[in-house]
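Asks: In case you want the letters, here they are:
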Amino acid sequence: MQPSIQPVWNKGLESFSESLTGNPVLGWVIASAFPLVFVALFALVAVYAERKISAFMQDRLGPMEVGKWGLLQTIADILKLIQKEDIVPKAADKFIFVIGPIIIFVSSFAAYAVLPFSSAFAGSSLNVGIFYAISITALEVVGILACGWGSNNKWALYGAVRAAAQIVSYEIPAGLAVLVGVMMAGTLDMQKIVMAQGGDAGILNFFVFQSPFAWLAFVIYFIASLAECNRAPFDLPEADSELVAGFFTEYGGMKFAFIFLAEYGNMFAVSVILSVLFLGGWQSPFPNVGGVMLHDWTSGPVWGIGWIMIKSLSFVFVQIWLRWTLPRLRVDQLMYLCWKVLTPFAFVAVLGTAVWELYFRQSSVSVLVCWIIGGLAVLFGFYKMFIAKGETPKSPKIIIAQR
Amino acid sequence: MSEYFKTIGDGVTTVLGGMKITWEHMINAANRKGTAGIADENYFNQIEGLATLQYPSEVIPTPSFARYRLHNEADDCIACDQCARACPVNCITIDSFKVTPDDLEEAGSTADGTKKKLWLPVFDIDMAKCMYCGLCTYPCPTECITMTPVHDFSEFDRSNFIYYFGNMTPEAEAEKREKLAKFELEKAAEKARVAAAPKPAVAASTATAVAPAAGAKMSPMMAAKLAAQKKAEGAAATAATDEVASAAAPQPVAPAANQAEATADAAKDAGAAKPLPKLSPMMAKLAAAKAAGGGAAAAPVAKVVEPTPSEPAPLESVPQPEAEKTQPENQDDDNSEPPAASMPASGVSTDVDVVTKPADEVKPAADNSAAKTVATVPVTSKPKPVTLEIRKVEPKQTEVKMPAVRVPEIRLPEIKVENILSGVTTLVTGALYVGAGLAMALTLGLFKAITTPSEPRRADTDPTK
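Heads up: the protein sequence lines correspond to chains A and B, in order. The first sequence runs 1 to 403 under this note's numbering. The second sequence runs 1 to 465 under this note's numbering.
For the chain A half of the interface with chain B, some residues (derived, Cβ under 8 Å), not all of them: (1) V29; (2) S32; (3) R60; (4) L61; (5) M64; (6) K84; (7) E85; (8) D86; (9) V106; (10) F258; (11) W321; (12) L326; (13) G381.
Keep in mind the hints are simulated off the structure, nothing from the lab. If you're wondering where the values come from, they're calculated on a predicted model, not measured in any experiment. By construction, the Cβ of each residue, glycine as well, lies at the ideal position given by its N, Cα and C atoms.
Let the hints inform the model, and build the full structure from the sequences given.
Replies: And the structure:
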């Protein structure tokens, strides 16, 4: 064991995390503390952002009292949660009740071990990184079942059973969509998947722009990851309006805080996985055009952190956006979407990617076609979202004027 | 199959449409909805922007005619009692007593120049009873009682809804009351001396004249009203009036009252119910009429009851207290005219004339039927020995509550040992959770150390090539 740790961050791939994890125990603690602190801070900010964004989308103001614009609201919430009494219901199975949130949080946080936050930092450069991340995150369902069963509460049990059905179902389209990214990169190592999307073309090297099937997989994984995080519109396990709070009905204080922390940690983890698989992770989106070496100028370990944060946080924003847009799915709709829509399309994406990788990807013409298709898809989305006149009733102004 | 794809297409487009709507609302969050009221033409067009009104710090302005919390500007109040009379729910309690002539300067005048002739030790408004009709503000001659726009003044204790507008300290009040009593005593003595010395022959007739006058003064409705007031206010004001009355005419009242009692007994014998002191003026009047009807002299008594001064009071809100209180002076005093007569409002002063006249007219009729008129004089109007009763006023009653918007109370949680203990245990639990997370990460590190290939990894290795 070396007594001193000298972190280096500019000596090539994963030099920072290597220099830490090369020192057993102490280095490992430091290396794992980074994502832990990050998750805690991210949860603080994300809860505030979620409340504010939801408020704005509903023409409200959101938290305004604690601090300027309510900025200290989540800190006050955390202080409250810390002070709360640690209650275990009499009828609960105490061991399972206590171990549940631990399993949920640990399985959510353990995924951070392989996430490449920068070219110089990835907690563990596993050669089966993405496989590990997917599987360890899926372990969460064990914790949720423990919570629901241990609570000895019908709402909690309903929530837990729904969560089990939902998460296990959505593992399949999610896994197939991940497989698309893995097939394009030719590796399970997340750091290598990111590196496979680098190059002078910048954003056009990202996998979504390299294959029309990557678009499909990208969308499928995003939807499936929503379901795996129990986020709306797939929040059946929580289902406030039906099940009180679902599987964590009986939890309060720090146990509740950890379930909450796990949820937000999970949100960010799947966003990072999404951006690593399809949007180039920490790669800069700028291309090198002629003598203007924008890509090179905006690349590097510190730039990388910025890029992956921007990409992941924008996905987190879309998750929040969707949550406050869409109503909750019915159980049968949930299963229909998973088994009859997402899974067949995921198979199509996998097969299509296989063909594309074998015969078309090397030809620049086909990539150009792919860009055009991708560009058209983006334009269609923007058109639908920002330009098209929807059939939804626009404003009460017109109705009132007619009367 | 086409249905299947149509469903998917619908799903995609509707999701995008919904996202568009929420996005627009989020962008519009930079604006606030307008403040146009329901009466405004633009009211229904204010659809974009935040709808929240941060209430305690932002309020929609109340209309200028809004009727909310009452306020009395005590410095402008002449204690005329008209607001208390106008109040349908009796939420205003006023106690006042005369200013002695040498204190008129000290009492000063209101903002509009009216001289104040009554001290105002008690002016309480019970806003818990108030029904916000605003009727009290209309008769006010000096416009000192107003309805303010303050509408948010909820309390945890109902007694906090009593607002105290009296403007005298207990000490000042006691001093002035004592002074007034002394003054009245001196005046009575002076009057007795004047009445006895120069015209002994007329003295007897004067005495008899005063007797029915006093009886008329204590006419049934007035007496009942006095009694009701007494019951409500704790006898303070009435005691003062009684004392004034007995000080002014100590001898004649007693026989009159005795006579009244005697006739009351007679009326009771005749089968009529004796009106209780609790009865309201109208009830007292009705009872008196009934008693008269039951008795032998039905018609004349009813006629006599009609012109009694207090009759129009419940209908027209005549400033009766002034008439009552100043009547002893009206009979035989000359140096101070009743304050009600000096009020600036013309309508009020004519009312006073109307009121005081019948009282004088009763005098001649007193010989034959005034005795029956006063049949309903309650026992409480018996003359009391001349004693000074100083009203005890709680110190808080003198403080005037300012109608300011109150800052909402912030309640901090109680600090208990159990709470601290549970906080510590949860912190330890939290530390355990964090430790579990770290342990998981550590095992990962070990895992990585076992599984990672030993070859060096470099940034420029491109696995795709």
